[in-house]
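Protein chains in written order, with our numbering: chain B, 1 to 239; chain G, 1 to 239; chain D, 1 to 239; chain C, 1 to 239; chain P, 1 to 239; chain V, 1 to 239.
If you're looking for bench data, these hints aren't it; they were derived computationally from the structure.
Keep in mind that the hints are not guaranteed to be accurate.
The list that follows gives simulated cross-link-like pairs (lysine-lysine, DSS-like), each with its CA atoms no further than 27 angstroms apart [stated by the list, open to error]: (1) B:K84 to G:K5; (2) D:K53 to V:K84; (3) C:K82 to V:K5; (4) B:K84 to C:K84; (5) B:K82 to B:K53.
Examples of chain V residues lying across from chain P (beta carbon under 10 angstroms, computed) [said to hold, decoys possible]: (6) D73; (7) V81; (8) K82; (9) E144; (10) W145.
Note that CB positions come from ideal geometry on N, CA and C, so glycine has one too.
There are 6 protein chains.
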Amino acid sequence: MTTRKDSRGLDELRTITITPNWQEAGEGSCLVEFGRTRVLCTASFTEGVPRWKMGSGTGWVTAEYAMLPRATDSRSPRESVKGKIGGRTHEISRLIGRSLRAVVDLSLLGENSIVLDCDVLQADGGTRTASITGAYVALALAVEWALTNGILTTSPLTDSVAAVSVGIVDGVPMLDLPYEEDVRAETDMNVVITGSGSFVEIQGTAEDGTFNRDELNAMLDLALAGTAELTERQREALA
Amino acid sequence: MTTRKDSRGLDELRTITITPNWQEAGEGSCLVEFGRTRVLCTASFTEGVPRWKMGSGTGWVTAEYAMLPRATDSRSPRESVKGKIGGRTHEISRLIGRSLRAVVDLSLLGENSIVLDCDVLQADGGTRTASITGAYVALALAVEWALTNGILTTSPLTDSVAAVSVGIVDGVPMLDLPYEEDVRAETDMNVVITGSGSFVEIQGTAEDGTFNRDELNAMLDLALAGTAELTERQREALA
Amino acid sequence: MTTRKDSRGLDELRTITITPNWQEAGEGSCLVEFGRTRVLCTASFTEGVPRWKMGSGTGWVTAEYAMLPRATDSRSPRESVKGKIGGRTHEISRLIGRSLRAVVDLSLLGENSIVLDCDVLQADGGTRTASITGAYVALALAVEWALTNGILTTSPLTDSVAAVSVGIVDGVPMLDLPYEEDVRAETDMNVVITGSGSFVEIQGTAEDGTFNRDELNAMLDLALAGTAELTERQREALA
Amino acid sequence: MTTRKDSRGLDELRTITITPNWQEAGEGSCLVEFGRTRVLCTASFTEGVPRWKMGSGTGWVTAEYAMLPRATDSRSPRESVKGKIGGRTHEISRLIGRSLRAVVDLSLLGENSIVLDCDVLQADGGTRTASITGAYVALALAVEWALTNGILTTSPLTDSVAAVSVGIVDGVPMLDLPYEEDVRAETDMNVVITGSGSFVEIQGTAEDGTFNRDELNAMLDLALAGTAELTERQREALA
Amino acid sequence: MTTRKDSRGLDELRTITITPNWQEAGEGSCLVEFGRTRVLCTASFTEGVPRWKMGSGTGWVTAEYAMLPRATDSRSPRESVKGKIGGRTHEISRLIGRSLRAVVDLSLLGENSIVLDCDVLQADGGTRTASITGAYVALALAVEWALTNGILTTSPLTDSVAAVSVGIVDGVPMLDLPYEEDVRAETDMNVVITGSGSFVEIQGTAEDGTFNRDELNAMLDLALAGTAELTERQREALA
Amino acid sequence: MTTRKDSRGLDELRTITITPNWQEAGEGSCLVEFGRTRVLCTASFTEGVPRWKMGSGTGWVTAEYAMLPRATDSRSPRESVKGKIGGRTHEISRLIGRSLRAVVDLSLLGENSIVLDCDVLQADGGTRTASITGAYVALALAVEWALTNGILTTSPLTDSVAAVSVGIVDGVPMLDLPYEEDVRAETDMNVVITGSGSFVEIQGTAEDGTFNRDELNAMLDLALAGTAELTERQREALA
């Protein structure tokens, strides 16, 4: 039987902690932790939309992901100092934005924007999935704030959304990979799933070799179970 | 029965043309066309590897994707003029690089690098999948060049690789979407598959709503058949 | 008698090919070839003018020149990746823009803009002169499009314009230098001339030593004859 | 008698909390809080020095300050997205670096570098003084780590260092200004003082009007008392 | 007794020269010289204010400091070529702007802006203090120009402002440090003082070790006397 | 008869002043004035060559041109603030460098570099020609310095070089255009000529309409006479 370093079962999530309103600023925020991965998610609700949406009567939800320079074992140079944003940062920011928009009815948002900042304070694998999971909580709190303050009259949220990583490590499919497993994985997949169990995004990459359809199905099963549990944790945090 | 604007079948590719050695410069090149989408793929074989690989004894394969400003219906500003590369460009460049590395044994490449430039001359949907498909041909020609010139003694290619888009448009799964279908698609998926039929990368995104497991399976079936045909076209071009 | 590597006469152009409408996007386009030099020229006609021209009632014509990374024998890094445009690129873009504006009555253009994108797919000397020659064809096609579509009522074109390089190689003046001659040239001159034979721009540079007035006159004679021939090719392409 | 909004005395600090080792990564770290201002300070100890110090046999200590986009009441664009670092960020990073170097004997550090990252998670005035105060703790922990691991044999620390803001608000000198007082201050002064009570840096600015010598002296008295207390809190955190 | 290399007394300024209207362009300008330090200060008076001040009815005064690449003993790369402005440049530009605003009643300026460009042609220590001193003269000339031309009806200047450096070199406090003393100084302080003798800004930094209160007081005494003399020179230049 | 605003003859230069060694820093420098156009030219002689010339045994001469923000009637934003160098700046820098290299035997320079900084303090037309003319003087002084200090044993200068603008204004060819004539010119030409009267560079542009061969010849005659006089002034300055 495969044993994981942290003695978790193959289908078990790491310890998940979601602390809502960790930040005072922001219309909604939470500190989300997937094991040692720790992301501060803050929602900024602002009137108005980007130029290309003006006059549309509908709103916009977007996200910016970033990592503190020493979130990781060795220090990375700041993207602000390098003067440009790397491909990985762009990719993840876009993924978070798309994932959240999948559960927002932008027409109910009016010409308002919500920006989700996901700043990784500590990174141990799964920063993008933790970001999506936490960003949803920050978003829901910001929507609540807007409803309470009469800025919105109907919630534009159509569902909740959460994400988890799955992968094949040493030939074995497993759930929620920490960094140590992630670097060893033959295949790595991030799956974004709504509270009602539909797919929003599947990003599977063979890092070493390729993967077949059975492996794909095993990973999807793990992801569906994992996000169901994350959905539960989101509900508790928002209760 | 669903009819597509160009009267193709749901499981039919657009007209695929691969013109090898379209470019004189480059150790390998081709002009690949998926219908009206037209990408110039050029492989540059150079001695040496990026700094972080020096001394490893193994090589590197990477890609850069770009689009001419008027490849599309309306002109986009050049990324060189804007002074930075957008997130989409980064994302696709990285995807192409990963896809090709999946079929290269870097240790057989020695400390050499191959850069694949994929420049979209005309865009009508599927530019990233055409790029991967064409880049493989340019890569294979560059490897051939290196073998012929005694720079490599064994081919580092372990398989071929091709990619195709699939999607759900008006509720119907279909293969190889042109721009007109792509913007209407509820779900859009790019699938990268080896010549022997294994998955290298799956990127599925619900652009509008979500998708379920049956829809996922239908799309994967289309992608497997489509890439099998693309593999055939690559073989012909390289013959 | 001096023989050129490609056995052309001293006053002979390379094979000139102009393929109009090579590109579907763009209000006008052509693929222009001066021997192995191959440039894709595309005209984008858009309503409106840059901020500094607003309210002037007159239009604007500008150009952007760029080279694919592997248009040349060895790969150059992309300017978009470097995050800035080099001096040479700037210089040539400005030259093309000025050359075209010399044959456009901007007041007849109304507050419309035409951007000429000249992307060098393959480079073998004379990329800037091929760009000007091809850009004129793309421009003329875009003007035709605007007339046909009732956007313009009178053609703003006052003449045609073409350009050619001349130089002194091994002491001998010659026309239309490929790369191999260009690097050996003592003097290199690019001359932009209208269809009616007037000068628009002369840029002569002593690359090695200096040049005297007789040499200058010999080069100008070659350029006048060469551009007269290019004017003919433009007419054929537009017929 | 002047009463402050938070009912503190004029010479009283806000609630100061220093949580050492808040971050797992980093050779030393702390979360420092001055009231609602919250800064994550992390020290990265690395072998080697910047190029201009190579071969000097001495080390280097530097700092990078940054603020999360929604640390404040309204969201600021990220400097990484803007592609450049603002003047204020530069200024504060340099101040923190200089302040720490004042208590480090760089020759005892060998050719090693310590980078202090000060990331403001929540901002309510005094972010630069909190950063210096917290960065010292992170630095001291990193030095301890290096001593424990035999990388250093003698501590290069010659003293401790802390900083506090003072200002004149409504004509009254007061200590440790939160944002609400800071914006109203006629004069704002940041003072960096060693554990033994000597000045490292004085930066006093008349934001509205000017200030005289008596006012200067009153502010310096407050700063000396305030930093003495901060020194005590640093000692407790490091105990 | 301490002797300075240039045989000045400890409390003596270098030769100060202020040449008003050195530049023809600009609504006011001067070339200011502190010994061999030579700064060209030019005031540009323009209608309108930055976006964030629009509609406020008040004006804005700002400054940009820069150094020619070979103002110093060895050539520094241009910030325009590097593509970004360094921290030191930012810091000094901000300091100059703040110093001038301290003597301008922005509400009397109307919605107009004055930009002070301080370009260091030759640098020998004290470039920021020379810049402030010269910028005030350029500013006063620009205000005079605006009054003469009926653009302003009341002078917005509430006082004059000048700046000087002081420092402790080899344990001895001294005034107006040239580069040679500046690099050796244990403490370096820049003091900005109004014509009526009030402080606008104090920036004191222990470059090597720390400084105590007596040393601080000695430096402030020198600065007050030095700026009083600079105020006199400004009056003469403006007479 | 045509009269020029400043009552000069058509073939007359403006008042030319060359002040050698205006700058203390720099191995050679001069302040060159063509009427009100004023450029500070400074030569920096440094050991070593750019990477691409290493090991060649030959040297390099290059130039950087820039304009102070308020050299002109209205203030332009700094290129350092914009974060990039404009096309015009690039173009002129390259022209100056080429012009100087035409009179330098790089093999006699050894692996040394000379950078010519041409900073326009005041601009009234002809800044690029004044820059070339002044840069030659700074270069000659730097070569003298290197000979005096035993860094060079033979002068690498093979000739002198100067430049002047000529143009056709209101149909009349004239020499050395100030800004007022330059903007009105139908044709504008910059000519770089050696002390012995050979051409180094000709850049002629029809700004409005085109020009014919007679006009070209008239302009060249003026330029040859004008640069002959400038050569004389250079000799006097270097005497």
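- [ ] Could you work out which earlier hints the structure fails to respect and list their numbers in ascending sequence?
- [x] Failing hints, ascending: 1, 3, 5, 9, 10.
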